[in-house]
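Each chain, written out:
2 protein chains.
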Amino acid sequence: MSKGLPKRSEDYSLWYNELVKRADLAENSAVRGCMVIKPYGFSIWEKMQAELDRMFKKTGHSNAYFPLFIPKSYLSKEASHVEGFAKECAVVTHYRLKADPSGKGVIVDPEAALEEELIVRPTSETVIWSTYKNWIQSYRDLPLLINQWANVVRWEMRTRLFLRTSEFLWQEGHTAHETKKEAIEETVRMMNVYAEFAENFMALPVIRGVKSESEKFAGAVDTYCIEAMMQDGKALQAGTSHFLGQNFARAFDVKFAGRNGELDHVWGTSWGVSTRLMGALIMAHSDDNGLVLPPKLAPIQVVIVPIFKSEEELAAIREKAHEIMDALDALGITVKFDDRDTFKPGWKFAEYELKGVPLRLGIGPRDLQNKTVEMARRDNLTKSVVNLEEEDLAAKIKETLDDIQKSIYEKARIFTQEKTTAVDTWEEFVEVLENKGGFVSAHWDGTEATENQIKEKTKATIRCIPLDQVKEDGECVLSGKPSKGRVLFARAY
Amino acid sequence: MSKGLPKRSEDYSLWYNELVKRADLAENSAVRGCMVIKPYGFSIWEKMQAELDRMFKKTGHSNAYFPLFIPKSYLSKEASHVEGFAKECAVVTHYRLKADPSGKGVIVDPEAALEEELIVRPTSETVIWSTYKNWIQSYRDLPLLINQWANVVRWEMRTRLFLRTSEFLWQEGHTAHETKKEAIEETVRMMNVYAEFAENFMALPVIRGVKSESEKFAGAVDTYCIEAMMQDGKALQAGTSHFLGQNFARAFDVKFAGRNGELDHVWGTSWGVSTRLMGALIMAHSDDNGLVLPPKLAPIQVVIVPIFKSEEELAAIREKAHEIMDALDALGITVKFDDRDTFKPGWKFAEYELKGVPLRLGIGPRDLQNKTVEMARRDNLTKSVVNLEEEDLAAKIKETLDDIQKSIYEKARIFTQEKTTAVDTWEEFVEVLENKGGFVSAHWDGTEATENQIKEKTKATIRCIPLDQVKEDGECVLSGKPSKGRVLFARAY
Numbered sequence: 304m305s306k307g308l309p310k311r312s313e314d315y316s317l318w319y320n321e322l323v324k325r326a327d328l329a330e331n332s333a334v335r336g337c338m339v340i341k342p343y344g345f346s347i348w349e350k351m352q353a354e355l356d357r358m359f360k361k362t363g364h365s366n367a368y369f370p371l372f373i374p375k376s377y378l379s380k381e382a383s384h385v386e387g388f389a390k391e392c393a394v395v396t397h398y399r400l401k402a403d404p405s406g407k408g409v410i411v412d413p414e415a416a417l418e419e420e421l422i423v424r425p426t427s428e429t430v431i432w433s434t435y436k437n438w439i440q441s442y443r444d445l446p447l448l449i450n451q452w453a454n455v456v457r458w459e460m461r462t463r464l465f466l467r468t469s470e471f472l473w474q475e476g477h478t479a480h481e482t483k484k485e486a487i488e489e490t491v492r493m494m495n496v497y498a499e500f501a502e503n504f505m506a507l508p509v510i511r512g513v514k515s516e517s518e519k520f521a522g523a524v525d526t527y528c529i530e531a532m533m534q535d536g537k538a539l540q541a542g543t544s545h546f547l548g549q550n551f552a553r554a555f556d557v558k559f560a561g562r563n564g565e566l567d568h569v570w571g572t573s574w575g576v577s578t579r580l581m582g583a584l585i586m587a588h589s590d591d592n593g594l595v596l597p598p599k600l601a602p603i604q605v606v607i608v609p610i611f612k613s614e615e616e617l618a619a620i621r622e623k624a625h626e627i628m629d630a631l632d633a634l635g636i637t638v639k640f641d642d643r644d645t646f647k648p649g650w651k652f653a654e655y656e657l658k659g660v661p662l663r664l665g666i667g668p669r670d671l672q673n674k675t676v677e678m679a680r681r682d683n684l685t686k687s688v689v690n691l692e693e694e695d696l697a698a699k700i701k702e703t704l705d706d707i708q709k710s711i712y713e714k715a716r717i718f719t720q721e722k723t724t725a726v727d728t729w730e731e732f733v734e735v736l737e738n739k740g741g742f743v744s745a746h747w748d749g750t751e752a753t754e755n756q757i758k759e760k761t762k763a764t765i766r767c768i769p770l771d772q773v774k775e776d777g778e779c780v781l782s783g784k785p786s787k788g789r790v791l792f793a794r795a796y
Numbered sequence: 304m305s306k307g308l309p310k311r312s313e314d315y316s317l318w319y320n321e322l323v324k325r326a327d328l329a330e331n332s333a334v335r336g337c338m339v340i341k342p343y344g345f346s347i348w349e350k351m352q353a354e355l356d357r358m359f360k361k362t363g364h365s366n367a368y369f370p371l372f373i374p375k376s377y378l379s380k381e382a383s384h385v386e387g388f389a390k391e392c393a394v395v396t397h398y399r400l401k402a403d404p405s406g407k408g409v410i411v412d413p414e415a416a417l418e419e420e421l422i423v424r425p426t427s428e429t430v431i432w433s434t435y436k437n438w439i440q441s442y443r444d445l446p447l448l449i450n451q452w453a454n455v456v457r458w459e460m461r462t463r464l465f466l467r468t469s470e471f472l473w474q475e476g477h478t479a480h481e482t483k484k485e486a487i488e489e490t491v492r493m494m495n496v497y498a499e500f501a502e503n504f505m506a507l508p509v510i511r512g513v514k515s516e517s518e519k520f521a522g523a524v525d526t527y528c529i530e531a532m533m534q535d536g537k538a539l540q541a542g543t544s545h546f547l548g549q550n551f552a553r554a555f556d557v558k559f560a561g562r563n564g565e566l567d568h569v570w571g572t573s574w575g576v577s578t579r580l581m582g583a584l585i586m587a588h589s590d591d592n593g594l595v596l597p598p599k600l601a602p603i604q605v606v607i608v609p610i611f612k613s614e615e616e617l618a619a620i621r622e623k624a625h626e627i628m629d630a631l632d633a634l635g636i637t638v639k640f641d642d643r644d645t646f647k648p649g650w651k652f653a654e655y656e657l658k659g660v661p662l663r664l665g666i667g668p669r670d671l672q673n674k675t676v677e678m679a680r681r682d683n684l685t686k687s688v689v690n691l692e693e694e695d696l697a698a699k700i701k702e703t704l705d706d707i708q709k710s711i712y713e714k715a716r717i718f719t720q721e722k723t724t725a726v727d728t729w730e731e732f733v734e735v736l737e738n739k740g741g742f743v744s745a746h747w748d749g750t751e752a753t754e755n756q757i758k759e760k761t762k763a764t765i766r767c768i769p770l771d772q773v774k775e776d777g778e779c780v781l782s783g784k785p786s787k788g789r790v791l792f793a794r795a796y
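The listed protein sequences derive, respectively, from chains R and B.
If you want our numbering, it's the position in the first sequence, counting the first as 1, plus 303.
If you want our numbering, it's the position in the second sequence, counting the first as 1, plus 303.
Since the hints were made in silico from the structure, they are not lab data.
Please note: incorrect hints may appear among the correct ones.
The list makes no distinction among identical chains, and a pair is therefore deemed to hold if it is satisfied within one copy or across any two copies.
DMTMM-like cross-link-like pairs, simulated, lysine to aspartate or glutamate; straight-line CA separation at most 25 Å [as the list claims (entries may be wrong)]: (1) K599 with D356; (2) K390 with D403; (3) K436 with E321; (4) K360 with D629; (5) K407 with E391; (6) K599 with E349; (7) K401 with E418; (8) K651 with E778; (9) K651 with E414; (10) K360 with E330; (11) K380 with D412; (12) K714 with D403; (13) K762 with E414; (14) K436 with E654; (15) K651 with E518; (16) K787 with D748; (17) K674 with D590; (18) K436 with D327; (19) K390 with D525; (20) K407 with D642; (21) K407 with D556; (22) K401 with E518; (23) K407 with E419; (24) K762 with E616; (25) K401 with E516; (26) K612 with E499; (27) K639 with E354; (28) K787 with E485; (29) K324 with D556; (30) K360 with E349.
Hey, can you work out the whole structure from these sequences and the hints?
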């Protein structure tokens, strides 16, 4: 039911939380910070996974699986890596429970303490590079292009469904290369794969860029990223791709015999996207009536709702509906016929709006008589009547789904553009952030000190140094010191 | 390289371990008891997953995702459940690390102890039923048919790749029903789905049956299972499907308003198969040369190895190979052309034998001249020459792959049959177990005491009470007490 869904304009945050729950996407679990992804939400994630997996394999990657646990000592091997993750690690210390001597329930068996504590992986660089050491001897073993679909845990104090949870699902690619050049090419390639996925499937326009030193991944030389703009004017990091240099190869002593016979450390990358993308998908497109899903990721693309008063009327509509379903099936379009008599058409209309089904077909007795079908678009809430004698309905639906996909993207693209403001003074910077939000494109002197001051004063961070940055001389918006180009600031999720 | 692979007849256990490693399926990780599933092994698992997932969805199930962690108190709510799992639980007690005051590495932060310890899920009944409580109010919410693909942890002291590891991958179905009858039907349906998958895809004949009281799942009323016979005469439990009665509904207070308006506890089932199936697949079919994979699960179904001395010869062969590849692609057959010049054909032959590629095509200059191709079957190691002018090669390959799938199954079926022995005396029982192994079909008095004595004396357990058990009066093979039918004993993995 969209009834009672809070309005975005009144409480965006509450609107998001309620939408996620009411549209049956996810809910909080009894375990602090961990979510349950419900079947409808999971079916969207499965569609994302399938497409990303296809793209990874097309670019030469294979899937594998590495352990959930990381010995504590491994995490310490790369200095900045452990510093980045130590504060949010779930730690396994024991391997057995025993009956509580009091007779109630179970307690941790103190005699079953692990010699070395195990960390539930927050990310897998350390356990994977310790394995790569045995897999890589020569340049002939390179490149090594591996991806893993897995759950990871980063202990969070303040969580939000999909956006920030202690456990989340993701994929993490980990590749090893012969040269620095190849590793950087791979890093950029995977950032582009993410950008293409976001734009072509999620209908989500993104900015491609590089993180500043202070925002990069703990252990990386450079972090490439895609950043997207949400409807409340806050940015969301949608995917990252890290050039690791030789950092992890050095930490885990991964060397290879090169073409010249000399030993050298391997060059690495890692890259990941997570169930956070679900949050981006929801926040970028949905409205006060509920979800708006791009057709390419919608578990149900078309729903047929019969409008009937008697079993006879339903029988006649059912016949027509099955005809339509067969034609849509043949085009690979997912369709559901909701002929339940326990719910009224009006209830169903609201329900499928809430769930974001891109196209709804309504068929009543009069439609059968007139040989028409009512078609309602979820994205712009427009309705039209299709005359079945004049138009090929299935072809019309296919075309409309394509148009919805494009329209959703275009709307988000224009929104992102409008929410991107170039400013040259500190007053403008603050004013735009306060009153308009969005990306603020401004000159920055390149120092971490200034970056920190800006964050402290405004809560805005450097989202990225855009790859298409124009080289222009300017003055830092805060310090007035010289700058060679604009970077994008925003408040962010 | 198959060179040096131990023989099954000499050391079956070593043969298995070496095969798993050399065929690039999996290896032990630095984390005790946890394995790394390598890309080639994982690609077989992915094929299994895809097919099982299709079968689950076809029988009306949806995927979802529940938390990795289970509060300790949840585990205790079902008495026999906690008793079954307490001894093998990985326990998370802290959520943060901090710098070691000594300056070296990190230590667990004693100030970051969890109020209640979390168990890394050994199975998810408790966390899922605590969630179902909120999802189920009325009979209209039933049946609830959900599956989860996940990693689980059961701390094991003695581990073996795929067969017994502390962390493993699996799927776990968890369903809730209105009536006992429906829940039992679901339990049996999923056992049958597993059996069909094992037989039709893994080419693995299985016995369908019910576990004895002492072998059933901790928390179940009845455990249905499929049991398979390995080449060394030991049985392997390949999948289980549990009728949970109202046990978990009672433990987590999951009630629904029935059609008569009265409140009652929900009826439950759970069912799972794991990466253990990889072990079964390997042990059932492989030989002293390496893996033997059923074509339906082989990541590469056909490999083309060119036999050439010069770049010109290779070029001519390449042209023919691409022609063949296009024809196989069109039939949905996965083919690899290995034109590396860094390895000799003989090396490649051994390599693809080790990896279990079902069909190998060899093409040399003489083949081009004669318009022939040499075709070698992995399963029975036979070779034949196909005359391309007389036969349609792609069609021939398709037919041969089908034949390999059937032959592998048939071989295993006959083996299992031969390894099943009906005995009527204790002397025979012991003699068969010692000298022949396999399933021993014998009368049993139905008591746990006798079952335990037999296990102690022979290490054989009751694998199952077969569903096709013939009702016949007999005397228990050990106690001599009356029995109504034979059950299957075996030593098992």
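Hint by hint, here is what the structure shows:
| no. | hint | result |
| --- | --- | --- |
| 1 | K599 with D356 | both (15 Å within a copy, 21 Å between copies) |
| 2 | K390 with D403 | between (31 Å within a copy, 13 Å between copies) |
| 3 | K436 with E321 | between (47 Å within a copy, 20 Å between copies) |
| 4 | K360 with D629 | between (32 Å within a copy, 20 Å between copies) |
| 5 | K407 with E391 | between (32 Å within a copy, 19 Å between copies) |
| 6 | K599 with E349 | both (12 Å within a copy, 23 Å between copies) |
| 7 | K401 with E418 | both (19 Å within a copy, 18 Å between copies) |
| 8 | K651 with E778 | neither (57 Å within a copy, 63 Å between copies) |
| 9 | K651 with E414 | neither (58 Å within a copy, 52 Å between copies) |
| 10 | K360 with E330 | between (32 Å within a copy, 23 Å between copies) |
| 11 | K380 with D412 | between (30 Å within a copy, 18 Å between copies) |
| 12 | K714 with D403 | neither (60 Å within a copy, 52 Å between copies) |
| 13 | K762 with E414 | neither (48 Å within a copy, 29 Å between copies) |
| 14 | K436 with E654 | between (53 Å within a copy, 23 Å between copies) |
| 15 | K651 with E518 | neither (45 Å within a copy, 48 Å between copies) |
| 16 | K787 with D748 | within (8 Å within a copy, 87 Å between copies) |
| 17 | K674 with D590 | neither (32 Å within a copy, 65 Å between copies) |
| 18 | K436 with D327 | between (44 Å within a copy, 16 Å between copies) |
| 19 | K390 with D525 | within (22 Å within a copy, 45 Å between copies) |
| 20 | K407 with D642 | neither (51 Å within a copy, 66 Å between copies) |
| 21 | K407 with D556 | between (49 Å within a copy, 19 Å between copies) |
| 22 | K401 with E518 | between (44 Å within a copy, 21 Å between copies) |
| 23 | K407 with E419 | between (29 Å within a copy, 15 Å between copies) |
| 24 | K762 with E616 | neither (60 Å within a copy, 67 Å between copies) |
| 25 | K401 with E516 | between (48 Å within a copy, 23 Å between copies) |
| 26 | K612 with E499 | neither (47 Å within a copy, 44 Å between copies) |
| 27 | K639 with E354 | both (22 Å within a copy, 23 Å between copies) |
| 28 | K787 with E485 | neither (28 Å within a copy, 70 Å between copies) |
| 29 | K324 with D556 | between (47 Å within a copy, 22 Å between copies) |
| 30 | K360 with E349 | both (16 Å within a copy, 13 Å between copies) |
Checked against the numbered hints given earlier, the structure breaks hints 8, 9, 12, 13, 15, 17, 20, 24, 26 and 28 and satisfies all the rest.
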